[in-house]
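*Asks:* Below, each chain spelled out in residue letters.
2 protein chains.
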Amino acid sequence: MRYELIKKDGNARLGRISINDSVFETPIFMPVGTQATVKMLSPEELIDAKSDIILSNTYHLWLRPGEEIVYKAGGLHKFMNYNKPILTDSGGYQVFSLAKPKDISEEGVKFKSHIDGSELFLSPEKSIEIQNKLGADIIMSFDECAPYPSTYEYMKESVERTLRWAERGKKVHNNKQALFGIVQGGEYEDLRKYSAIKTVEMDFDGYSIGGTSVGESKETMYKMIDYAIPYLPEDKTRYLMGVGDPIDILEAVERGIDIFDCVLPTRIARHGNALTRNGKINLRNLKYKEDFSSIEEDCDCYACKNYSKAYIRHLIMSKETLGGRLISIHNIRFLTRLMEDIRKSIKEDRFIEFKTEFLKNINEV
Amino acid sequence: MRYELIKKDGNARLGRISINDSVFETPIFMPVGTQATVKMLSPEELIDAKSDIILSNTYHLWLRPGEEIVYKAGGLHKFMNYNKPILTDSGGYQVFSLAKPKDISEEGVKFKSHIDGSELFLSPEKSIEIQNKLGADIIMSFDECAPYPSTYEYMKESVERTLRWAERGKKVHNNKQALFGIVQGGEYEDLRKYSAIKTVEMDFDGYSIGGTSVGESKETMYKMIDYAIPYLPEDKTRYLMGVGDPIDILEAVERGIDIFDCVLPTRIARHGNALTRNGKINLRNLKYKEDFSSIEEDCDCYACKNYSKAYIRHLIMSKETLGGRLISIHNIRFLTRLMEDIRKSIKEDRFIEFKTEFLKNINEV
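Those sequence lines, one after another, are chains A and B.
Counting in the working numbering, the first sequence tops out at residue 757, every number present.
Counting in the working numbering, the second sequence tops out at residue 757, every number present.
Just chain A, with the same shape it has in the complex (with noise of 0.2 Å):
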């Protein structure tokens, strides 16, 4: 893997990634295929939505169909189809957020299947060895992604010892995946400091921000950025984890933040919601049932190019899947166009106005 600083308008980057191979630009939306499926879509259709790379979930496919099947398979891209790049994660966010372990050791974390309820043990050294045989392009160290709030106290600890795993799980990697390590330290200012030098000195291929999207306000993320980006070298790729509002995005990437992923335009595309310029948008309003315009008349996506409001509302109140589908389609293509006018607006120096102009019109609905 290999990153190009292109430009900086401010701390605004606009950066290639080249790995394997796949060259993408960025800053850039990996959507997030959980169970080896961006949900209800094809990998054709991702495609078409201009995505150039997914993440899926180490924990989910631990648990099924199991990394031995995967890596039997041919590894994820057979699995499932899919020959552009592909993020795993460590399977600790999951670990800590879906399981809610008791018992988090030196050694690694104790805790019950969210299927079954079967007792689980994941380690650094474990979660590497599977994400080794999932095959994705990038993969994750594995960290714990502490409380929040939590003390100051239990976060330095928490902070050390997620070190200590990064540099475990460092020394069992095959090295033949791209391996980013992942900076934490919560809300104070020092822990993430300390966690990114310290990080940095182990040369990791990239850096993520861990620690988000875990309760904290809009304010406190961006300060959590803003802690630890100093600390990041320029001529690799930082990577925010579990963010993909387009607000959060653009605020971001101001910051100079270089990837991103999110469940969220999957997510509420199948409860009806359309990511739009002037704000979302939820097509069970009854005033789209006669609606035959697109979601977004200038949008280029497969649903806005073929079909209506009217027809995508009456799909999701018959809850007929087709529905979804369509929205999630859009959605994706939203933040993927959203991304393309974030990289031209930097290349044309011109991206705070972008932003700006962003803000005001989805602020008017």
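Heads up, a few of these hints could be off.
Identical copies look the same in the list; a pair holds intra-copy or inter-copy alike.
What the hints assert, rightly or not - With a straight-line Cα cutoff of 30 Å, these simulated DSS-like cross-link-like pairs (lysine-lysine) come out:
#  : residue 1 : residue 2
1  : 747       : 442
2  : 615       : 590
3  : 476       : 697
4  : 442       : 568
5  : 615       : 518
6  : 476       : 681
7  : 502       : 739
8  : 470       : 442
9  : 679       : 518
10 : 672       : 711
11 : 562       : 739
12 : 442       : 476
13 : 681       : 470
14 : 470       : 672
15 : 697       : 711
16 : 672       : 464
17 : 711       : 442
18 : 464       : 681
19 : 752       : 548
20 : 736       : 615
21 : 492       : 585
22 : 494       : 518
23 : 525       : 697
24 : 562       : 590
25 : 518       : 681
26 : 711       : 464
27 : 504       : 679
28 : 476       : 628
29 : 736       : 442
Calculated directly from the structure, the hints in this document are not laboratory data.
Nothing here was measured: the structure is a model prediction, and the numbers come from that model.
Since chain A is already given, all that's left is putting chain B on it; use the hints.
*Replies:* Relative to chain A, chain B alone:
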């Protein structure tokens, strides 16, 4: 609409239907798009699975979104973005099976909506008027689908009423769409004969055999066909409603049927069941966990060309909609491929051999 009988092999018929801008050969199978969508599939996926015509349900579209919405959208084709032929049924079958009306009079049927319990009334004129607004290529007469079994006396009365209803519907029809008459008469030979002769006298664009798939045995269903077929003209299409089981299709083709429809291929797909030439298989079965072969190795559908049983099983077990979608594509292609093979065998005067061979393999499972 024009039907040309190209060739017979016994009573099995190879035909050609030209309607509006489309031409396709019969015998043919129609996937069912109940609510203006074939469940889980896009129009492109239907076309890719070599489907040439679909059925949509008047009853469902009348209740939701309402025929006025579809009319304002420019008709069903435009509403659902599907430009191949569509047939709508009369709503009768759904009224009698879903709404279970207590009040059947000469005028029509009073019943309660299965969605919100509201009082509704459907008459022959109303059914045709709704179907005219929906704008399918082929529409159906409104008939009484009498329960099975019914007494001879009730069925006789019902057949007479259905004939009067057919006459009334014909009178208000816009004549821009092909209109089919429906033969009723239950399992009574003389009533089927009488219904066929009288319906044909009214001169419809095609004829359907109704009152099947209502709980009768396979043998009784085949008899219902046998009783009516001799009185149907050779130069018009014959449609057996609600039948999609491969064995029933073969038996009915042998008896001279041209068109079929059924929810079977898409309904069973959502529960993990795939149709194969060796019988139905359920992909939830543990034995497919590490089976990296396609559902059918020689199938040319999108699912078989790109995905393994192990992956589709994983999707079904994980409740991911892509699983049901892939099996739906395969099951529809399975039936369109069966119909291709049937047509080829009639062309080559070996329909019975084909049928015998097909049934032998199916029974091996």
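*Asks:* Next step is simple, just say for each hint if it's right about the structure.
*Replies:* Hints and how they fare:
1. 747 x 442: The answer is within: 21 Å in one copy meets 30 Å, while 47 Å across copies does not.
2. 615 x 590: within (19 Å within a copy, 82 Å between copies)
3. 476 x 697: So residue 476 and residue 697 pass the 30 Å test inside a copy (24 Å) and across (18 Å) alike.
4. 442 x 568: within (26 Å within a copy, 42 Å between copies)
5. 615 x 518: Neither. Shortest intra-copy (32 Å) and inter-copy (65 Å) distances fail the 30 Å Cα cut-off.
6. 476 x 681: between (38 Å within a copy, 25 Å between copies)
7. 502 x 739: neither (47 Å within a copy, 67 Å between copies)
8. 470 x 442: Both: 20 Å inside a chain and 26 Å across chains, each within 30 Å.
9. 679 x 518: Between copies only: 27 Å across chains, 52 Å inside a chain, cut-off 30 Å.
10. 672 x 711: Both: 20 Å inside a chain and 27 Å across chains, each within 30 Å.
11. 562 x 739: For residue 562 and residue 739, neither the intra-copy (35 Å) nor the inter-copy (66 Å) Cα distance is at most 30 Å.
12. 442 x 476: Both ways: residue 442 and residue 476 sit 11 Å apart in one copy and 29 Å across, limit 30 Å.
13. 681 x 470: Between. Shortest inter-copy distance 16 Å satisfies the 30 Å Cα cut-off; intra-copy 41 Å does not.
14. 470 x 672: For residue 470 and residue 672, only the inter-copy Cα distance (26 Å) is at most 30 Å; the intra-copy one is 35 Å.
15. 697 x 711: both (22 Å within a copy, 29 Å between copies)
16. 672 x 464: Between copies only: 26 Å across chains, 42 Å inside a chain, cut-off 30 Å.
17. 711 x 442: both (27 Å within a copy, 26 Å between copies)
18. 464 x 681: The answer is between: 11 Å across copies meets 30 Å, while 48 Å in one copy does not.
19. 752 x 548: neither (40 Å within a copy, 71 Å between copies)
20. 736 x 615: within (26 Å within a copy, 70 Å between copies)
21. 492 x 585: within (27 Å within a copy, 70 Å between copies)
22. 494 x 518: For residue 494 and residue 518, the Cα distance is within 30 Å only inside one copy (19 Å; across copies 65 Å).
23. 525 x 697: between (39 Å within a copy, 24 Å between copies)
24. 562 x 590: within (14 Å within a copy, 83 Å between copies)
25. 518 x 681: between (52 Å within a copy, 23 Å between copies)
26. 711 x 464: Between copies only: 22 Å across chains, 36 Å inside a chain, cut-off 30 Å.
27. 504 x 679: Between copies only: 27 Å across chains, 46 Å inside a chain, cut-off 30 Å.
28. 476 x 628: Answer is within; shortest intra-copy Cα gap is 21 Å, inter-copy 52 Å.
29. 736 x 442: Close inside one copy (15 Å), not across copies (42 Å); limit 30 Å.
Against the hints set out earlier in the document, violations occur for numbers 5, 7, 11, 19.
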